[in-house]
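*Asks:* Sequences listed follow chains A and B, in order. All residue numbers for the first sequence refer to our numbering, where the first residue is 1 and numbers rise by one. All residue numbers for the second sequence refer to our numbering, where the first residue is 1 and numbers rise by one.
Simulated from the structure, these hints should not be mistaken for laboratory data. Each hint should be verified, as a subset may be incorrect.
Said to hold, decoys possible - In silico contact screen, one side only, chain A against chain B (beta carbon under 10 Å); selected entries: (1) Pro11; (2) Ile14; (3) Lys20; (4) Asn54; (5) Phe58; (6) Gly62; (7) Glu67; (8) Ala98; (9) Tyr220; (10) Asp222; (11) Thr242.
We treat Cβ as the ideally placed atom computed from N, Cα and C, and that holds for glycine.
2 protein chains.
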Amino acid sequence: MEKHYLMTPGPTPIPEEIIKTMARPIIHHRTPQYLDIVKKVNEDLKKVFKTSCNVLTFTASGTGAMEASVVNTLCQGDTAVVVRGGKFGERFAEICQAYGVKVVPVDIDWGTRPEPSVIEGALKRYPETKAVFMQLCETSTATVYDVKSIAGLMRERETILVVDAISGLGADEFEMDSWGVDVACGGSQKSLMLPPGLAFCAVSKKAWTMVRRSKLPKFYLDFEKYDQLVDKGDSPWTPSITLVIGLQRALSMITQEGVDNFIKRHKADAEFVRSFLKGLGLGIYSKFPSDAVTAAKVPHGVDGSELIRSLKAKGVTFAGGQSQLKGKIIRIAHMGGITREDLKAALGKLKEALKEQKAKV
Amino acid sequence: MEKHYLMTPGPTPIPEEIIKTMARPIIHHRTPQYLDIVKKVNEDLKKVFKTSCNVLTFTASGTGAMEASVVNTLCQGDTAVVVRGGKFGERFAEICQAYGVKVVPVDIDWGTRPEPSVIEGALKRYPETKAVFMQLCETSTATVYDVKSIAGLMRERETILVVDAISGLGADEFEMDSWGVDVACGGSQKSLMLPPGLAFCAVSKKAWTMVRRSKLPKFYLDFEKYDQLVDKGDSPWTPSITLVIGLQRALSMITQEGVDNFIKRHKADAEFVRSFLKGLGLGIYSKFPSDAVTAAKVPHGVDGSELIRSLKAKGVTFAGGQSQLKGKIIRIAHMGGITREDLKAALGKLKEALKEQKAKV
Chain A
1 MEKHYLMTPG
11 PTPIPEEIIK
21 TMARPIIHHR
31 TPQYLDIVKK
41 VNEDLKKVFK
51 TSCNVLTFTA
61 SGTGAMEASV
71 VNTLCQGDTA
81 VVVRGGKFGE
91 RFAEICQAYG
101 VKVVPVDIDW
111 GTRPEPSVIE
121 GALKRYPETK
131 AVFMQLCETS
141 TATVYDVKSI
151 AGLMRERETI
161 LVVDAISGLG
171 ADEFEMDSWG
181 VDVACGGSQK
191 SLMLPPGLAF
201 CAVSKKAWTM
211 VRRSKLPKFY
221 LDFEKYDQLV
231 DKGDSPWTPS
241 ITLVIGLQRA
251 LSMITQEGVD
261 NFIKRHKADA
271 EFVRSFLKGL
281 GLGIYSKFPS
291 DAVTAAKVPH
301 GVDGSELIRS
311 LKAKGVTFAG
321 GQSQLKGKII
331 RIAHMGGITR
341 EDLKAALGKL
351 KEALKEQKAK
361 V
Chain B
1 MEKHYLMTPG
11 PTPIPEEIIK
21 TMARPIIHHR
31 TPQYLDIVKK
41 VNEDLKKVFK
51 TSCNVLTFTA
61 SGTGAMEASV
71 VNTLCQGDTA
81 VVVRGGKFGE
91 RFAEICQAYG
101 VKVVPVDIDW
111 GTRPEPSVIE
121 GALKRYPETK
131 AVFMQLCETS
141 TATVYDVKSI
151 AGLMRERETI
161 LVVDAISGLG
171 ADEFEMDSWG
181 VDVACGGSQK
191 SLMLPPGLAF
201 CAVSKKAWTM
211 VRRSKLPKFY
221 LDFEKYDQLV
231 DKGDSPWTPS
241 ITLVIGLQRA
251 LSMITQEGVD
261 NFIKRHKADA
271 EFVRSFLKGL
281 GLGIYSKFPS
291 DAVTAAKVPH
301 GVDGSELIRS
311 LKAKGVTFAG
321 GQSQLKGKII
331 RIAHMGGITR
341 EDLKAALGKL
351 KEALKEQKAK
361 V
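Make the full structure from the sequences, and use the hints.
*Replies:* So this is what it looks like as structure tokens:
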């Protein structure tokens, strides 16, 4: 059978050695063997988030971690500044609204990033703002945001910065502690090379002061319930054992390569993809392209959805655009288990498909 | 290597064919191939729950489904009757309290079950009760509750019945529609033969009227978000793809055997275990033993925790007692992928271990 290339920004392909690790007979989660695995996972996750704070692991989709970052830090009626530059920024706003948090939206054109001055302006107009919510990589537009500069604005304020790093973590540069990020969300099915099903929140000291005053109701996603067990490798509810065991393997691979080298490899792959696309005459959609995923503009005269379908028939799955970008972009992930060879093969097929669609390449 | 026998009431061993199915290269969740798998899963789950209502699948531990059953049906200040006969009954009460729901506890001795007359008494004293929460199998005491009779009390009331069937589903007799249960929770790591990581809520028509008036905040676990996509095989957030694909295999095995035969096999295995234990001179802890898991009393003079440790060394993992039952019982699961041969082998080791501990067997 011909290899199928899964090039979507989640799920990403799972390396064979991780699949094999997860295929071993399952073990119980309250055994020393499993607790030791989790302790190792927790230490390695800190290396990926670049933090000395605890990273809490939830059995959930990434959206679960996004919700956890809201319900654990805020109270009803609190004000939150929310960057809306794509589908995932909108999701943070929807979660806040579902819990009665007042949203000050910072709406930016899709494919651009929020300028620190704009965030600063919002914070000055709404000095009561308790938290700023933004993405590291806004997956829907393949755009990396300037988290570092925006985190700098929080240093002299009580406001916390919550970053959805779900698709960016491990691919785009991210330094939780040195930049001063307070809550960072992650997910398993991106650069961490696992199936979906695990989500993470790394929580800073400053965020913990907010957690203690937070009055929004929570139970399953309650940070404190996880945090009091995390050092023992334990969790309040039965965890997703096989995924956590796979995660240990994935994190071993990443820390063996070195987190910085891992990030550099993503950067190099992203540059390779962007340069290949430019060579094909395709425009890059985002003004600030992420190193996790690239959005190529579909050329005039080509039907984007049809292009994705024809690539599927050739054994390559790319993601299309969402909402307002439907049919207008194709998104090519270059993270986690996607190798340079995979990228070359998949982009070769893209070239073929474009030719067939008689685009001017 | 000698086989290790995992005999805990979750996780349970995963049959080889399910492991192999989950070890295939991952596919994207918004492809016709995956959506078709989910549609099949949804139909088969209805057969297991014995319902014509939709069964919603969450990426979560069982506790996530328990929380979903609270936050989707109630409002702050609503009254709920909660049966507390073990650790999981207590959990329902804690979830209700976390969301500002008034709890009318029905506390029963551990190892017994709530009598319908007691529930009826509570409903008469608190006619404003919006929901009754109870277990099918209270895993911590290995006790099956009389859901059928208690469901009968709801027929002429507006009150709904929410049943945590997480450990009982597929093992203990359960008929959602014909008994009149309104919300039934399930989990993947019990008789469904999967790793933990998926949770389910089946939701009746009567429950949907409560869902529409419910004002408790929710987002990740919002029934309506799932229900509007369920017929397409889609889900609001990236699902736990590999577990869902494994679930299709598991449900195919169960429906091929026939759900009723599957339940009967659990009953026969449970009877075999209870009779073997009696033969060893061990008492059965519960007055109403479940067909999913059996709790044996640890004989006088034997240290329960030490017994579990010595069995572990012999390659058998049993669960001990929780909270007030710590050291006093051992719990032996007989569900899902645990075969009669596994039970014979594991109970043989128990006999050996008891002899070594010089118990009078």
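*Asks:* All the hints need checking, so say for each whether the structure fits it.
*Replies:* Hints, one by one, checked against the model:
Because the beta carbon of Pro11 (chain A) sits about 5 Å from the nearest beta carbon in chain B, less than 10 Å, this interface hint is met. The interface hint given for Ile14 (chain A) holds, since its Cβ lies 6 Å from the closest Cβ of chain B, which is under the 10 Å cut-off. Interface hint at Lys20 (chain A): satisfied, since its Cβ lies 8 Å from the closest Cβ of chain B, which is below the 10 Å cut-off. A hinted interface residue such as Asn54 (chain A) counts as satisfied when its beta carbon comes closer than 10 Å to some beta carbon of chain B; here the least separation is about 19 Å, so the hint is violated.
About 8 Å separates the beta-carbon of Phe58 (chain A) from the nearest beta-carbon of chain B, less than 10 Å, and the hint is met. The interface hint given for Gly62 (chain A) is met, as the beta carbon of that residue sits about 7 Å from the closest beta carbon of chain B, less than 10 Å. Because the closest C-beta pair between Glu67 (chain A) and chain B is about 5 Å apart, less than 10 Å, the hint holds. Given hint, Ala98 (chain A) at the interface with chain B, holds; its Cβ is 4 Å from that chain's nearest Cβ, closer than 10 Å.
With a least beta-carbon distance of about 5 Å to chain B, the hint placing Tyr220 (chain A) at the interface is held under the 10 Å criterion. For Asp222 (chain A), the interface hint holds, the least distance from its beta-carbon to any beta-carbon of chain B being 8 Å, beneath 10 Å. Restraint check, Thr242 (chain A) versus chain B: the minimum CB separation of about 4 Å is within 10 Å; hint holds.
Violated hints amount to a single one, hint 4; each of the other numbered hints is respected by the structure.
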